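**Q** Residues per chain, in single letters:
2 protein chains.
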Amino acid sequence: MDLLRVDTIDAARGKLEDVCGSIMPRTETVSLHDSIGRVLARNIISKENIPSYRRSIMDGYAVRSRDLGAAGDMVPSFLKITGEVLLGTDSSGLFLEAGQCIYVPTGGYVPDGADAVVMVEYCEPFGSGMLAVSKSVSAGENIVRVGEDVAEGDMLLEKGRRLRPQDIGVLAAAGITEVPVFVPWKVTVISTGDELVSPEKTPGPGQIRDINSYTIAARSTAEGLEVVRTVSARDDDAVIAALLETAKADSDVIVMSGGSSQGKKDMTAELIERAADCGVLTHGIAAKPGKPTITGFDKRSATLFIGLPGHPAAALIVYEQLLIRLWRGMTGQNPEITIKAMVKTNIPSAPGRRTFQLVTLKDGDIPEAVPVFARSGMISPVSLADGFFEMEENREGVKDGDIVEVHLWK
Amino acid sequence: MDLLRVDTIDAARGKLEDVCGSIMPRTETVSLHDSIGRVLARNIISKENIPSYRRSIMDGYAVRSRDLGAAGDMVPSFLKITGEVLLGTDSSGLFLEAGQCIYVPTGGYVPDGADAVVMVEYCEPFGSGMLAVSKSVSAGENIVRVGEDVAEGDMLLEKGRRLRPQDIGVLAAAGITEVPVFVPWKVTVISTGDELVSPEKTPGPGQIRDINSYTIAARSTAEGLEVVRTVSARDDDAVIAALLETAKADSDVIVMSGGSSQGKKDMTAELIERAADCGVLTHGIAAKPGKPTITGFDKRSATLFIGLPGHPAAALIVYEQLLIRLWRGMTGQNPEITIKAMVKTNIPSAPGRRTFQLVTLKDGDIPEAVPVFARSGMISPVSLADGFFEMEENREGVKDGDIVEVHLWK
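Protein sequence lines, in the order shown, are assigned to chains A and B. Those letters in the first sequence? Residues -18 to 391, per my numbering, in order. Those letters in the second sequence? Residues -18 to 391, per my numbering, in order.
Bear in mind the hints are in silico, worked out from the structure with no lab data behind them. One should not assume that every hint holds.
The list treats identical chains as one, so a pair stands whether inside a single copy or across any two.
Derived lysine-lysine pairs resembling DSSO-like cross-links, with alpha carbons at most 27 Å apart [as the list claims (entries may be wrong)]:
# : residue 1 : residue 2
1 : K140      : K343
2 : K391      : K167
3 : K391      : K321
4 : K140      : K(-4)
5 : K391      : K343
6 : K182      : K325
7 : K(-4)     : K182
Quantities reported herein were computed from a predicted structural model and do not represent experimental measurements.
With the rest of the complex left out, here is chain A (with noise of 0.2 Å):
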């Protein structure tokens, strides 16, 4: 009946997304100090034009461009200056006529009536309030149309940007302090193995130390999700059962990681398949590595499950693959930027299966793509590595001089 559930990885991702279908993540409001790396919930609508006034890009003078004719160094031209744009000021009550300048820093207001602004540098006060202008100026020149940078109506963000500084710009530029953005998924990590020891104890023979809470914990924090525990239980069911309780009362996800072996593979799918009112949704997918992947939903909670594979590699490649794009997905978010590069050896695949290979990333014209391969649970090799490519099922491997899509580690 297990093998009935192996899935492909876009297979396990569908049935996430299915479930998923009924719990979008929450949204709420922030401030704009704090939505740096939030992700927007709604589209952004602009209710003003950016600037709201015709803004000049230099120190000079505000002109009407005609009055220049063919002024230049040898011919200059002369207006009459009237006045001076204060920034800050409300210089809207000027208006300039035919013969007519005046002065207006960067930024500053440029007046009705003028169509141009002449760089300072073009011009020299001449007698008593007179310029001489040694340069001519098309309409237009220098000055920002109102509603030039961002018009009214116009979409400013859209819904899934994450938002980086330049994004917190554009928002505060067009006045929009509160922040609409996706309340993070709480997640709950569990580790779970007789033979697991916290980081900082001796393993003895037969030990080793927890690896797993701790990469999965960090890499959901730096995705912006919260990290509402991190638990390391032994193997026994009663604990583990009544920690999956506690967790499905105030978790989005819960994440499990035990060992590769059958038994524990065993014993998490039915840990799962008891939690969980809709069970065990995939148990196992064809993936090199990430074969021992297990999820599972609970609806009435609405609590995703995950059980991962032991291995450290495998583990953060799956929780990637399956949460962190479930994540991405569900709030609308653009694919990620991925790196373009050469491979310049043979690669095979694992036949039928989705391949992720680690790479190092060697500069060049074309980056090349170095594969770093890591025996069963090690960890050093992947964080030697810079990212990693994906080979579809039905690829035999990839060839010298291929081209890869990297996906960088975060």
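With chain A fixed as given, assemble chain B onto it according to the hints.
**A** Using the frame of chain A, we list chain B on its own:
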């Protein structure tokens, strides 16, 4: 005199590095769970072998490889089952004699005397306490050797590593639970200008909303720096001077963002000259955008001053190129990974100046860098861009078909 202090961007960086030599970022120790994104302050050498015992990568039977000789489907070999390794239990007393086998789960201790593990799929219990094995194995097969992942004395992670989830996994594996990291610089952001209003207000004619203090604070936070305060102030010398004194007491970096008019630039330079005992280091950089940039240093309080250009794109690029690069350099971080992309149009540079060109990336085997042009003071094109590339001072621009290195916006 000011003209003499207009520097190339490399010279401006050099001056900052010189004065910073005396103020290496301090270090502190944080717990492993809090170390994601932090920058490692010293090399980490492993004091142990990982794994500390010979570990099986399969569910299977520990055997002596020569006992299986030419075992195959048709002619299995028979071994005597003499024990079972339980995960997490000290099995170091077990010893495997010729003709024997011992069950070992994935991750389990491989008993002395054995030199390989044969997968459980090729094994079948046979009669009382005997095992039929239908496959031969070579010495070492399915075993991770002691120290194969990490050997005692190996460099685990180098100083300057910005810790990713898998790096935290390596530290966990090696038992490093207190992590030496750099104390993030404390940053005060002061935006000045009579024309600035805070984003929740509607700007009147000649007023604009404060953008830069939001983008610069957000960029600092995204880099892991600590923003101690963000202040917006009117163009009042005495008020700003007092703010600078307060900030000198508790900040490593004071970022001032004023306008780009000549009066504003002079005012910023004078304020830095008075507040910083080493005075102004750079007054203007030969960069486009970014010319009106001012740096200074106060030795007594060990405070860097950076006066940024007023235009949002310029402010962000200069902050990235000067301050963020300085922080990364001082903490020994590797250069960021950039994206090689092809331009499909001619793009001019500003002769004699380092030119930064905003771009979006368009997918392709070699991605295309499509230029984004932002007129002075505009913010929406900056948000549209995926990043920027730079053109050297002596380069005349890039041509259709050239490959450029795109720095992704954070």
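**Q** Which numbered hints turn out to be false for this structure?
**A** Checked against the structure, the hints that fail are numbers 6, 7, while the rest are satisfied.
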